[in-house]
Amino acid sequence: MKKSVFLGTLAVSALAAGIASAQTLEEVTSRGELNCGVSTGVNGFSAPDANGVWQGFDVAVCRAIAAAVLDDSMAVNFVPTTGQTRFTALASGEVDVLSRNTTWTFSRDVDLRFTFTGINYYDGQGFMVNRNLGVSSSTELDGATVCIQTGTTTELNLADYFRVNGMNYEPVPIETNAEAQQQYLAGACDVYTTDVSGLAATRASFEAPGDHVILPEVISKEPLGPAVRHGDDQWADIVRWVLNALIAAEELGVTSANLAELAAGTNNPEINRLLGNEGNLGEMFGLDAEWAVRAIAVAGNYGEIFAANIGEATPIGLARGLNAQWTQGGLMYSPPFR
Amino acid sequence: MSDLHAHTVAYVRESMIPEQVAPVTERGAVKWMRENLFNGWLSTILTVLSLLVVFWIVADLGPWLMRSVWDAGSLSECRRIWAEAGQPAGACWGVINDRLHQLLFGFYPPHLYWRPVLALVLMIPALGPILYPWVPRKLIWFSAVYPFLAYFLLWGGSIWLPVTAAMGFVAGGAALVLLRPLGTLPATIAAFVVPVIWWIVAAGPFAAVMTQILPIGIEFVRSDRFGGFLISLVIGVSGISLSLPLGILLALGRQSDMVLIKSVCVIFIEFIRGVPLITLLFTASLLLNYFLPPGTSFDLILRVIIMVTLFAAAYMAEVIRGGLAALPRGQYEAADALGLDYWKAQRLIIMPQALKIAIPGIVNTFIGLFKDTTLVVFIGLLDPIGLSNAIRASSDWQGIYWELFIFIGAVFFVFCFGMSRYSMYLERRLRTDHR
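Heads up: the protein sequence lines correspond to chains H and P, in order.
If you count the first sequence from 1, you need to add 329 to reach the numbering used here.
If you count the second sequence from 1, you need to add 26 to reach the numbering used here.
Keep in mind the hints are simulated off the structure, nothing from the lab.
None of these values were measured; they are calculated from a predicted model.
Among the clues, some could well be false.
[Stated by the list, open to error] What follows is a set of in silico ranges between Cβ atoms, one per label pair, in the way DEER data are often shown: (1) H/Asp471 <-> P/Glu110: 51 to 59 Å; (2) P/Phe324 <-> H/Ala404: 17 to 25 Å; (3) H/Ala379 <-> P/Ala200: 36 to 44 Å; (4) P/Tyr139 <-> H/Leu485: 51 to 59 Å; (5) P/Val84 <-> H/Asp471: 52 to 60 Å; (6) P/Val84 <-> H/Ala488: 22 to 30 Å; (7) P/Leu148 <-> H/Ala379: 58 to 66 Å; (8) P/Gly88 <-> H/Ala379: 26 to 34 Å; (9) H/Leu485 <-> P/Phe232: 25 to 33 Å; (10) H/Pro538 <-> P/Thr309: 55 to 63 Å; (11) P/Glu245 <-> H/Asp440: 49 to 57 Å; (12) H/Ala379 <-> P/Gln113: 21 to 29 Å; (13) P/Gly183 <-> H/Ala379: 45 to 53 Å; (14) H/Asp440 <-> P/Ala200: 53 to 61 Å.
Note that the Cβ used here is the ideal one computed from N, Cα and C, for glycine as well.
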């Protein structure tokens, strides 16, 4: 009897969880707050500043969503997640959206039942070596000792790359980026490998950044983007199109400086549709007409967010590269707002 | 006497030799060093090796510490200061200066820092009557109120939540006293059941009604604003203070004659001890969410406190069982012979002795529990270690490493060393044998 009651309760709550997951937008608006999963700290992407306010490139995506949905970019509850807890936190409903430089892969999309709503940063795995080694290409790394974070896709990529090129390496397993810096600088390994954005951020913090080179080869594709749960397409659409709105704003020349002026109406119909002066795009997914204006108003368009957090003017100093607009030779390409 | 022998035997001295100082090898520092440092070739080798290690550490760390920079807003500023002084890199303590409030309080609202500080200060009078015999006994009432007061100060919100929670315990105590004439067993059962019924059935509506009538309260602070040493202390202190009584109950239950109670206790203890703490923490942070109905936001820190408490209680139960096992059978029989009932015998005769025996083990578990609180970093709570990662992720402080660990280690050392010294004091005070 007891057991059946217990199992019944479980079944009901599981059922309720299934039904409720289709109403994320409703939940978020009634809560008045967006639960956003971020990393516990990746330079430039998400980290709390001295006042405890989260800053970064991934954080900006969540603030834009919150502004579009709740009209308050600060109404975000940032949930720090680790590499191990991030997917369960999303699947169990603890966070509404996961914006935690997570690589979009087949199995994460299909097997873990997440929907990746776009790509906000095209990353790839690279190598950093000391200039004194005189290495100019990763094909010359035969026999090197390599500092590598364990349990990541980087580890698998590394093994694949060295096998394909018929080279040997000796792995030095490390746990965190900070530890890797210590090991690398202490000479425990010749090479440090992780995503190129991470290498650039790490190198920027060295006492003598010029003594280290990031090799030109990028050995993997790491498309990073926000993810939501399967089963709530309305919410996935909102997250997807907020990101697209930021990207399209850059393409269309909408910046935080001219946003107010353009929002009053222009003679470009696509800008008008994006900013809610023509058509009823916002209404289609349950928001008002001004949603994109609010999202862009938080920190500007995609290019401005990039420049402020990880761009060449910041200590991290990443070039746009693949993350430039498609019109500039990059891969950032928003579907049309129509 | 010397006169007597002076003419009889030539070799007998006439007078006392004046007192001489002991040979140089048998006195002062030399003697001490001979006895303690160079006593035989093995200890000589060990001494020389130890001196080398000490010298190596000082030679390595000393200059690094001597070049400490306290007044800097970022690592690059530290580096500029060293470069201007023409020195190699030293310790950049600017990070502690810059982020101290974050390491201590996490994201707690700065204008409310007085609340956790006050809670910590009030902990001293609350612990006083428990820890030291010379503190007035009357203060124990404050100790009983303190948990609810501390909750109110830390989280804030309506005052009626902690008050109604406390009323549950009052109701339990009243049931115990009122039903005592009916026998120990019904009184004990009632003491457990009545508070549970109060909390489940009546507490919610009562708190709601009282909040309507008398809305007393202070600003509510959500759990996810907690961080740094605040989180370590909240988890550690509540885990420590809850696990001891729970552990005692489990230890007694394991020795009980009642099959049901005994098997529940044994299964609980063996299950918890068989599972790593990190697994329990992952269960608390991730798995529970699947089972709870959606929308119920069951506080993460509360879940972690419960798991840590259960974990420590299982270990505590075994430590106390060790104390119980060390008591001679005669003590139990003596208590029976005096006509004491079970709880009186436990309270007056068995437990005081068993707990005294178990003090080193208990404090050991406490210290372990306090240090284990840093494991919450794996479920994304920003305790000091988690915050150190977050601080390193800011562009200002990326590349800083040892300074944060040294600071966090030093603070933990202060707490753990304090606990260990207290346990030694307690052992000395309670020593009743005649060694």
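Unmet hints by their number, sorted upward, for this structure = Going through the list in order, the structure violates hints 1, 3, 4, 5, 6, 7, 9, 10, 11 and 13 and respects the others.
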